[in-house]
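Visitor: Make a model of the complete structure from these sequences and hints.
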Amino acid sequence: MATKLAFTVNGAPRAIAAPPQTPLLYVLRNELNLTGPRFGCGVAQCGACAVLVDGHEVRSCVTPAGSVNGKHITTIEGLPALWAAGQPSAQTGTLHPVQQAWIDEQVPQCGYCQSGMMIAAVDLLSKNPNPTAAQVKDAFTNTPPSPHLCRCGTYAAIVDAVLLAARTMSTGKAG
Amino acid sequence: MRTPIEAPITSTLSRRGFVRAGGALFVSLALPAQQAQAPAGNSVDPTQLPSWLEIRADNTILARTGRTETGTGMSAFYAQTLAEELNVRPESITLILGDTDRTPDGGYSAGFLTGALNLRKVGAYTYQALLTLASAQLVVPVTELTVTNGLVSGGGKQVSYGQLVQGQQLDLKIPISGTPARVDATAGNGLSGLDGYVVTGDPPMKPISQYRIVGQSYPMPGIPAKVTGRTKWSCDVKLPGMLHARMIRPATLGSTLISLGTLDKQRFPTAQVLRKNNLVAVVSPDEWEAISAARAVANTTKWTAWAGLPGSDNLTATLRAVNWGAPCETHGNAGTVATALAGAARTISASYEQPYVRHAPMGPYVAVADVKPDGAVTVWTHSSHSQGLRAQLAHALSVPVDKVVVRWLDQAGQYGRTTFGGDGAEADAVILSQLTGKPVRVQWTLQEDLAWSTVSPGWVADIKAGLDANGRIVAMQNDSYMPKQMDARLLGAILAGLPCSTSKPSNFLALEWVYDRIPAVCQRGFGMTNLAAETPAGGLRGNIMRTPGQRQQNFVLEGLINEAAASAGADPIQYRLDHTTDQRLIDVLKATAKAADWEPRPSPGPGARKSGPGTLTGRGVNIMRRSNAYWVGIAEIAVTPETGAVQVSKFTIGLECGKIINPRQLDRCMKSGLIMGLSETLKEEVTFDKERVTSTDWSTYRILTMAEMPEIRTVQISRDDQGFGTGGEAANGICAPAVAAAFFDATGVHPRRIPLTPAYVMRLLKT
Ligand code: FES
Ligand code: FES
Numbered sequence: 001m002a003t004k005l006a007f008t009v010n011g012a013p014r015a016i017a018a019p020p021q022t023p024l025l026y027v028l029r030n031e032l033n034l035t036g037p038r039f040g041c042g043v044a045q046c047g048a049c050a051v052l053v054d055g056h057e058v059r060s061c062v063t064p065a066g067s068v069n070g071k072h073i074t075t076i077e078g079l080p081a082l083w084a085a086g087q088p089s090a091q092t093g094t095l096h097p098v099q100q101a102w103i104d105e106q107v108p109q110c111g112y113c114q115s116g117m118m119i120a121a122v123d124l125l126s127k128n129p130n131p132t133a134a135q136v137k138d139a140f141t142n143t144p145p146s147p148h149l150c151r152c153g154t155y156a157a158i159v160d161a162v163l164l165a166a167r168t169m170s171t172g173k174a175g
Numbered sequence: 001m002r003t004p005i006e007a008p009i010t011s012t013l014s015r016r017g018f019v020r021a022g023g024a025l026f027v028s029l030a031l032p033a034q035q036a037q038a039p040a041g042n043s044v045d046p047t048q049l050p051s052w053l054e055i056r057a058d059n060t061i062l063a064r065t066g067r068t069e070t071g072t073g074m075s076a077f078y079a080q081t082l083a084e085e086l087n088v089r090p091e092s093i094t095l096i097l098g099d100t101d102r103t104p105d106g107g108y109s110a111g112f113l114t115g116a117l118n119l120r121k122v123g124a125y126t127y128q129a130l131l132t133l134a135s136a137q138l139v140v141p142v143t144e145l146t147v148t149n150g151l152v153s154g155g156g157k158q159v160s161y162g163q164l165v166q167g168q169q170l171d172l173k174i175p176i177s178g179t180p181a182r183v184d185a186t187a188g189n190g191l192s193g194l195d196g197y198v199v200t201g202d203p204p205m206k207p208i209s210q211y212r213i214v215g216q217s218y219p220m221p222g223i224p225a226k227v228t229g230r231t232k233w234s235c236d237v238k239l240p241g242m243l244h245a246r247m248i249r250p251a252t253l254g255s256t257l258i259s260l261g262t263l264d265k266q267r268f269p270t271a272q273v274l275r276k277n278n279l280v281a282v283v284s285p286d287e288w289e290a291i292s293a294a295r296a297v298a299n300t301t302k303w304t305a306w307a308g309l310p311g312s313d314n315l316t317a318t319l320r321a322v323n324w325g326a327p328c329e330t331h332g333n334a335g336t337v338a339t340a341l342a343g344a345a346r347t348i349s350a351s352y353e354q355p356y357v358r359h360a361p362m363g364p365y366v367a368v369a370d371v372k373p374d375g376a377v378t379v380w381t382h383s384s385h386s387q388g389l390r391a392q393l394a395h396a397l398s399v400p401v402d403k404v405v406v407r408w409l410d411q412a413g414q415y416g417r418t419t420f421g422g423d424g425a426e427a428d429a430v431i432l433s434q435l436t437g438k439p440v441r442v443q444w445t446l447q448e449d450l451a452w453s454t455v456s457p458g459w460v461a462d463i464k465a466g467l468d469a470n471g472r473i474v475a476m477q478n479d480s481y482m483p484k485q486m487d488a489r490l491l492g493a494i495l496a497g498l499p500c501s502t503s504k505p506s507n508f509l510a511l512e513w514v515y516d517r518i519p520a521v522c523q524r525g526f527g528m529t530n531l532a533a534e535t536p537a538g539g540l541r542g543n544i545m546r547t548p549g550q551r552q553q554n555f556v557l558e559g560l561i562n563e564a565a566a567s568a569g570a571d572p573i574q575y576r577l578d579h580t581t582d583q584r585l586i587d588v589l590k591a592t593a594k595a596a597d598w599e600p601r602p603s604p605g606p607g608a609r610k611s612g613p614g615t616l617t618g619r620g621v622n623i624m625r626r627s628n629a630y631w632v633g634i635a636e637i638a639v640t641p642e643t644g645a646v647q648v649s650k651f652t653i654g655l656e657c658g659k660i661i662n663p664r665q666l667d668r669c670m671k672s673g674l675i676m677g678l679s680e681t682l683k684e685e686v687t688f689d690k691e692r693v694t695s696t697d698w699s700t701y702r703i704l705t706m707a708e709m710p711e712i713r714t715v716q717i718s719r720d721d722q723g724f725g726t727g728g729e730a731a732n733g734i735c736a737p738a739v740a741a742a743f744f745d746a747t748g749v750h751p752r753r754i755p756l757t758p759a760y761v762m763r764l765l766k767t
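Line order of the protein sequences matches chains Z and Y.
Using the numbering used here, the first residue of the first sequence is number 1, and each one after it goes up by one.
Using the numbering used here, the first residue of the second sequence is number 1, and each one after it goes up by one.
These aren't lab readings, by the way, just hints derived from the structure by calculation.
The structure presented is a predicted model; accordingly, all values stated were derived computationally and were not measured.
The reader is advised that the hints may include incorrect statements.
[What the hints assert, rightly or not] Each pair of labels, with its calculated beta carbon distance range:
#: 1; chain 1: Z; residue 1: Pro129; chain 2: Y; residue 2: Leu62; range: 42 to 48 Å
#: 2; chain 1: Z; residue 1: Thr171; chain 2: Y; residue 2: Gly437; range: 36 to 42 Å
#: 3; chain 1: Y; residue 1: Leu62; chain 2: Z; residue 2: Gly86; range: 39 to 45 Å
#: 4; chain 1: Z; residue 1: Ala2; chain 2: Y; residue 2: Lys766; range: 58 to 64 Å
#: 5; chain 1: Y; residue 1: Ala321; chain 2: Z; residue 2: Asn128; range: 54 to 60 Å
#: 6; chain 1: Z; residue 1: Pro13; chain 2: Y; residue 2: Gly497; range: 24 to 30 Å
#: 7; chain 1: Z; residue 1: Thr171; chain 2: Y; residue 2: Asn314; range: 55 to 61 Å
#: 8; chain 1: Y; residue 1: Arg212; chain 2: Z; residue 2: Gly86; range: 38 to 44 Å
#: 9; chain 1: Z; residue 1: Pro13; chain 2: Y; residue 2: Gly375; range: 43 to 49 Å
#: 10; chain 1: Z; residue 1: Pro13; chain 2: Y; residue 2: Asn314; range: 56 to 62 Å
#: 11; chain 1: Y; residue 1: Gln158; chain 2: Z; residue 2: Pro13; range: 40 to 46 Å
[Unchecked claim] Straight line, CA to CA, 25 Å or less: simulated BS3-like cross-link-like pairs of lysine-lysine:
#: 12; chain 1: Y; residue 1: Lys302; chain 2: Y; residue 2: Lys265
#: 13; chain 1: Z; residue 1: Lys4; chain 2: Y; residue 2: Lys238
#: 14; chain 1: Y; residue 1: Lys650; chain 2: Y; residue 2: Lys302
#: 15; chain 1: Z; residue 1: Lys4; chain 2: Y; residue 2: Lys265
#: 16; chain 1: Y; residue 1: Lys173; chain 2: Y; residue 2: Lys276
#: 17; chain 1: Z; residue 1: Lys137; chain 2: Y; residue 2: Lys683
#: 18; chain 1: Y; residue 1: Lys265; chain 2: Y; residue 2: Lys276
#: 19; chain 1: Y; residue 1: Lys650; chain 2: Z; residue 2: Lys137
#: 20; chain 1: Y; residue 1: Lys504; chain 2: Y; residue 2: Lys372
[Said to hold, decoys possible] To give a feel for the contact side, a few chain Y residues facing chain Z, derived at Cβ under 7 Å:
#: 21; residue: Lys226
#: 22; residue: Leu446
#: 23; residue: Lys671
#: 24; residue: Met706
A virtual CB, placed ideally from N, CA and C, is assigned to each residue, including glycine.
Guide: Rendered as C-alpha cells:
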C-alpha cells in the first residue's frame, strides 16, 4: 500500500506516496528524477546506488524508503549544496571538492560506478579528513556492506582523487 | 541557390599542393544550413560532408561518428585528431556518437584507429575546402594562408571558419567505400561490414611531427557531466507511458517453457505477464511492482529440465575429450617445426588452461524500446556497435534496417561483448514493446547478467619449444583449443524464437609475432561450437572480451618463454632480447626494466620455496605487441604458502604505441586495464553445474577490489614515425604471464592456469 513519505533530499523537502518497502533507489530515480545513484546489483554488493542518509553512506538499493522517512538524503546532485552549506565563503555553483577532484584526476572511465564512489569518498572524508592511501583503499574495500567495485579498474585514480579532495577540503576549512 | 566553387584535388601529400593540381572537388555553400538527414530511411548519406561535420556560425564544429565512447576516452581522441587536421581547438568540437539516424560510419567501437582515420580524412578534406573558400573571400592565394584555432589569416586579413560558412553548409562530397553492418550467414561472427563506411582517397593530412593538439592531455569531455549527475545514461531514458520490465529466465541454459506462473492481481494490480515462446516478462508502470511481481511469477513458472553442461570442474577434461579436427587457422608449417623440434638439443613443453570468464560490467544490461503501430522501432542502448545492433534487430524482426533507429547513450562499460551488435536487453525491450504497444524499459538483474550474458570461453593450449645447446629457442609449436568467441545472438530473439545471426565454430590466432629470431614457429587455432552446443535458451554463448584471443594466447606464449628462460638459466628480459631484433620492442622493454629497477638474474629467485612460514616475493616479466603497440609488464608479488594468498605488490607497465594522443588518459587506461587483467589473473572464474551458471553475484563472481590493487608505475614512449597504435584497450593482456612468472620466481613452481586463487595455489604448491 502506498504511504505518504517525507524526507529532505539535497536540501529540499520532498513528499511522495509509495509503498514503504520500496527501495529508496527507485524512489530517487523514478519519483524524484535523481539519476545520480544507479542500479548495479540490487543486493548491496557493489556501491553504485550509494547515497548519504544523515551524512552516512547507505546502499539505496536495499534501503526501504519508509526507513528513511524524515531523514536527510544527499545524492551527487546535492554535493555542491552540501559543500556550500558548510562553507560560508563558497560561491554558489562551486562543485564539492570531491567532484572537482574526480574531474581534475580524470577518474571516470565508463563512470557507472562513480556516483557511489564519490558518495563513499565524502563519507570517508567526513570521518577521516586526512587519510593515507592505505586508509582510502581500506575504506573503499572493507567498509560494510561490501567493497565499492569498479569494473573499469579506476581504483588508482580514485585514490589520487580522494587524496586531492582531502587537501582541497583542509585548505578550504583553513581559509 | 548554390554557388559552386571549383577546387582541384590531388593525392599528393602536401596540404598546399592539394588545392593546386588534378581531380575535381566541388565546394559549394548550400542555403540554408540543414540538419544532416538522408532524404528517407533513418540514415544519413555518408557521401555528404554535413553527415560528418558541420561548421557553425560561431566557429564551433559538430562532428558525427557512428563509433561510441567505451570508457577509454575515444570521445577525446576523436576530438583531438579531428581538431589537429582542421587547426581548431578540440574544445570547439561537439561530438554526436553512435546514433544510427544521425551519424554516418557505423563501425564497431573497438576499431578506434579506423574510426579516427575516417574523421581525420574528413577533417583534411574539409580543411582544404575551407582554405579554398578563404582564398576566394580574402583574395589571397591559398599558399599564403595560415590557420590558427579556426581563424584563417593571409595578406593582413582574417576570416574565421564560422564567418566563411556563415550558417550555410559546406557542400562537399566525401568519397567512401564499405557498407554499414548487416547480418551475414557467411561471416564467421554472423555480421559483415564491421568497419562500416570507410572514407577513401588520400587527402593531405598533417604530418605527426607537426601535431600540437594530439599529444596533449586534453581533458575527457564527458567527465564533468558524469561527476555532477547531468549525464543522461541509457538507464535514465523515460518515455510517456513507459512500462518497466523484469525478465523471467528459463530454469536452465537449455529449458523451454511448460507453463506461466500466476500473477496475483490483488498484490500487483498494474502488472502484466507477457510471453513470446520462451521469452517471459512482467511489466508494470511502476518499477518496484515489476520487480516484486516478476519474482513472484518466476516462483510458479515451470520449465523443462535440461542438464547438458559438463560442470566447470570438468571443463579441462571435457575440452581435452573434444575431437577438434583440423585447425581453423594456422600460421607457419607444423611439419617444418616438427623436424626442427626433433633436431633440437632438448625440448620443453607445457599445457596451459583457463576457465570461462566474463565481461561483468558494473551495470547489468538495460535498454528502452519504443515500437510504433506502423512498425517503426527506436531503441536506446549502450551497445558499442549501434549499426550492428540495428542490423541484428532488423534481422530478428524481419524488417528492413530503415525501420530501426538505435540511439546511443552512456552506460556501464561492456568490454567487447557488444562488438558484433548482439547480446544485451534490446531484443527483450523491442519484443515487449511490440506486445504491449507501449515503450518498454528492460533492466536485467545482476544475477541475470552474470548467468545469461555472453562469456569469454575457457580453453586449453599445448606449447612445445626446442632449445639449442645454448638454451636458445630454435623451434616452437603452439596450439590453442577454444570454443568460439563469435556468438552475438540477442538473447531475447533466441528465447522468442525469432531469426538470429549465426556464427561458425572457430578459433583465431591473435598473437602478433615479435620473436623473429626463433627460426621455426607454427601456431594453430582449433575451434568448436559453444560448449554443450546451442539450446532453445541459447546455451553458454561464447563472445569476445577485451584483448580477445590475444590475452589468452599471450599467457601461453609468454608463459613458455619464461619457462624456457628458466630452463636455460637466463635472465628473462635478456632472454627475450636474445630472441628479437624488433627495435621498438627492445626500446620499451629496456625502458620498463629500468623503471622497475630490474636486476638481471635467472628465475627462480635464490630464496624460492614451496612451503613454510611467512611470505615469499618474486618478480616476473612479459611482453606483447598488439595493433601497432608494444607492451611490457613487470610484476612483483608476495605469496603466502600457508594460505595460498597471492598479492601483486607492484606492477610496472610500459607502452610504446606510436604517437600518443593523450598521455594522461593513456596513463589512466594503462592502470585501469591492468586492474582488469590482474582481476582475471587472480580471481575470475565463471562456474557452472550441469544446468546453469552458478557464479551469479559479486560474492561468487569475484573481481579485484581496491585493497588488492598494486602500486603501479607507468612508462610511456611516444614516437612520431610510426603512426598511431592502440593504447586504451590492451593492458589486461600483459598481466597473467608476468604474475605467473613472479609466482615461479618466488616458489619454483610454474602456474599454468589462472586464476591464482588461494585454493588453486595451495594445490599447486603441494604438487
Ligand atoms: S546497487 Fe546497491 S550496492 Fe549495488
Ligand atoms: S568507471 Fe566504469 S565501472 Fe567504474
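Visitor: For every hint, state whether the structure bears it out.
Guide: A quick look at each hint next to the structure:
Checking the proposed 42 to 48 Å range against proline 129 of chain Z and leucine 62 of chain Y shows it holds: the Cβ atoms sit about 44 Å from each other. Hint check: threonine 171 of chain Z to glycine 437 of chain Y, Cβ distance near 58 Å, so the stated range 36 to 42 Å is violated. Distance hint for leucine 62 of chain Y and glycine 86 of chain Z: a CB-CB separation of about 41 Å, consistent with the stated range 39 to 45 Å. Remark: the range hint 58 to 64 Å for alanine 2 of chain Z to lysine 766 of chain Y is upheld by a beta-carbon distance near 60 Å.
Here the CB-CB span from alanine 321 of chain Y to asparagine 128 of chain Z is close to 55 Å, well matched to the stated 54 to 60 Å. For proline 13 of chain Z and glycine 497 of chain Y, the hinted distance range of 24 to 30 Å is not satisfied, since their beta carbons lie about 51 Å from each other. Hint check: threonine 171 of chain Z to asparagine 314 of chain Y, Cβ distance near 60 Å, so the stated range 55 to 61 Å holds. Restraint check, arginine 212 of chain Y to glycine 86 of chain Z: a C-beta distance of roughly 42 Å satisfies the suggested window 38 to 44 Å.
In this structure, proline 13 of chain Z and glycine 375 of chain Y meet the distance hint of 43 to 49 Å, their C-beta atoms being roughly 46 Å apart. Between proline 13 of chain Z and asparagine 314 of chain Y the beta carbons are some 59 Å apart, a value that agrees with the proposed interval 56 to 62 Å. Judged by the Cβ atoms, the range 40 to 46 Å given for glutamine 158 of chain Y and proline 13 of chain Z is violated: they are separated by roughly 55 Å. Restraint check for lysine 302 of chain Y and lysine 265 of chain Y: the C-alpha separation of about 20 Å stays at or below 25 Å, so the hint holds.
Taken as a hint, the lysine 4 of chain Z and lysine 238 of chain Y pair is honoured in the structure, with Cα atoms around 24 Å apart against an allowance of 25 Å. Between the alpha carbons of lysine 650 of chain Y and lysine 302 of chain Y the distance comes to roughly 51 Å, so the proposed pair goes past 25 Å and is violated. For the proposed pair lysine 4 of chain Z and lysine 265 of chain Y, the alpha carbon gap of about 23 Å is at most 25 Å, so the pair holds. At roughly 46 Å between alpha-carbon atoms, lysine 173 of chain Y and lysine 276 of chain Y are farther apart than 25 Å, so this suggested pair is violated.
Pair hint lysine 137 of chain Z plus lysine 683 of chain Y holds up; C-alpha atoms about 18 Å apart against a cutoff of 25 Å. As the CA atoms of lysine 265 of chain Y and lysine 276 of chain Y are separated by approximately 21 Å, the hinted pair is consistent with the 25 Å bound. Distance restraint check for lysine 650 of chain Y and lysine 137 of chain Z: the Cα-Cα separation of roughly 15 Å lies within the 25 Å cut-off, and the hinted pair is therefore satisfied. A threshold of 25 Å between alpha carbons decides the hint, and for lysine 504 of chain Y with lysine 372 of chain Y the separation of about 35 Å lies outside it, so the pair is violated.
Among the interface hints, the one on lysine 226 of chain Y holds; its C-beta lies about 4 Å from the nearest C-beta in chain Z, closer than the 7 Å criterion. A hinted interface residue such as leucine 446 of chain Y counts as satisfied when its beta carbon comes closer than 7 Å to some beta carbon of chain Z; here the least separation is about 4 Å, so the hint holds. Among the interface hints, the one on lysine 671 of chain Y holds; its C-beta lies about 5 Å from the nearest C-beta in chain Z, closer than the 7 Å criterion. Taking 7 Å as the C-beta cut-off, the interface hint given for methionine 706 of chain Y holds, the closest approach to chain Z being about 4 Å.
Of the numbered hints given earlier, the model fails hints 2, 6, 11, 14, 16 and 20; all others are met.
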